[in-house]
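> Residue numbers (the working numbering), protein chains in the order written: chain U, 1 to 118; chain R, 119 to 230.
Incorrect hints may have been included.
Some chain U residues well away from chain R (every beta-carbon gap over 10 Å; in silico) [what the hints assert, rightly or not]:
1) Lys11
2) Arg15
3) Arg22
4) Asp24
5) Ile26
6) Glu52
7) Arg59
8) Ser73
9) Thr76
10) Gln84
11) Thr116
12) Val117
Heads up, simulated BS3-like pairs for lysine-lysine below, C-alpha to C-alpha not over 25 Å straight-line [as the list claims (entries may be wrong)]:
13) R:Lys187 to R:Lys222
14) R:Lys176 to R:Lys160
15) R:Lys217 to R:Lys176
16) U:Lys11 to R:Lys160
17) R:Lys176 to R:Lys186
18) U:Lys71 to R:Lys217
19) R:Lys187 to R:Lys217
20) U:Lys57 to U:Lys11
21) R:Lys222 to R:Lys186
22) R:Lys217 to U:Lys57
23) R:Lys222 to U:Lys57
Hints in this document: simulated from the structure, not taken from any laboratory.
From the three backbone atoms N, C-alpha and C, an ideal C-beta is built for every residue, glycine too.
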Amino acid sequence: DTGVSQDPRHKITKRGQNVTFRCDPISEHNRLYWYRQTLGQGPEFLTYFQNEAQLEKSRLLSDRFSAERPKGSFSTLEIQRTEQGDSAMYLCASSSNAPLAGGIYEQYFGPGTRLTVT
Amino acid sequence: AQSVTQLDSHVSVSEGTPVLLRCNYSSSYSPSLFWYVQHPNKGLQLLLKYTSAATLVKGINGFEAEFKKSETSFHLTKPSAHMSDAAEYFCVVSDRDDKIIFGKGTRLHILP
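Isolated chain U, as found in the complex (with noise of 0.2 Å):
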């Protein structure tokens, strides 16, 4: 399968505890970014990496989130000291450097990693 690819797919931890997710772009993707989806809600942007820079962040992503991107490659989304307030989806889309017309990149979506915070 060539799609993106998330791990876990889902994660139960305890208030105050860290995790760290990870994802698997399609390869040769080089544009990777990080979404987060709570119940009932559309997907809001958290970040955004071109090869291993990271290019932007939302005002979502609060100082005990990080993200890594190393070798370019895969993306590493870790939460330090949770809160049950992070319990959500996280989704992570990769698209390719060729824009479609107008100079929009597609993004091709992973299954997400479901966070539940207890």
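Using the hints, position chain R against chain U.
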């Protein structure tokens, strides 16, 4: 600033009848618009996209959408609903800064 509004949080139709999911957008530039579908426990799947070419866009599974600039709308339609269409549908707007903004979603229920 860009935004997208999905006018219905839930839509119920009978199997075999038409589907209409409504979406209005706001964008500073000529936007690109997308519809994604999310089935339970599955990733977001792109249904169709509009990127300044033909205003009537055909997607997968018999869905289509029409870009109407005068109405700032991009409604999703399908002539005949199938049980497998039951899912959450998201309207998405994107402009030149590569940000994409999702609507809150419309849950489509198909009645037998």
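> Could you run down the list of hints and mark each one as holding or not?
Hint by hint, here is what the structure shows:
{"no.": "1", "hint": "Lys11", "verdict": "holds, 15 Å"}
{"no.": "2", "hint": "Arg15", "verdict": "holds, 25 Å"}
{"no.": "3", "hint": "Arg22", "verdict": "holds, 15 Å"}
{"no.": "4", "hint": "Asp24", "verdict": "holds, 13 Å"}
{"no.": "5", "hint": "Ile26", "verdict": "holds, 12 Å"}
{"no.": "6", "hint": "Glu52", "verdict": "holds, 17 Å"}
{"no.": "7", "hint": "Arg59", "verdict": "holds, 13 Å"}
{"no.": "8", "hint": "Ser73", "verdict": "holds, 19 Å"}
{"no.": "9", "hint": "Thr76", "verdict": "holds, 19 Å"}
{"no.": "10", "hint": "Gln84", "verdict": "holds, 22 Å"}
{"no.": "11", "hint": "Thr116", "verdict": "holds, 15 Å"}
{"no.": "12", "hint": "Val117", "verdict": "holds, 20 Å"}
{"no.": "13", "hint": "R:Lys187 to R:Lys222", "verdict": "holds, 21 Å"}
{"no.": "14", "hint": "R:Lys176 to R:Lys160", "verdict": "holds, 22 Å"}
{"no.": "15", "hint": "R:Lys217 to R:Lys176", "verdict": "holds, 23 Å"}
{"no.": "16", "hint": "U:Lys11 to R:Lys160", "verdict": "holds, 16 Å"}
{"no.": "17", "hint": "R:Lys176 to R:Lys186", "verdict": "holds, 15 Å"}
{"no.": "18", "hint": "U:Lys71 to R:Lys217", "verdict": "holds, 23 Å"}
{"no.": "19", "hint": "R:Lys187 to R:Lys217", "verdict": "holds, 20 Å"}
{"no.": "20", "hint": "U:Lys57 to U:Lys11", "verdict": "holds, 23 Å"}
{"no.": "21", "hint": "R:Lys222 to R:Lys186", "verdict": "holds, 21 Å"}
{"no.": "22", "hint": "R:Lys217 to U:Lys57", "verdict": "holds, 11 Å"}
{"no.": "23", "hint": "R:Lys222 to U:Lys57", "verdict": "holds, 21 Å"}
In this structure, every one of the numbered hints holds.
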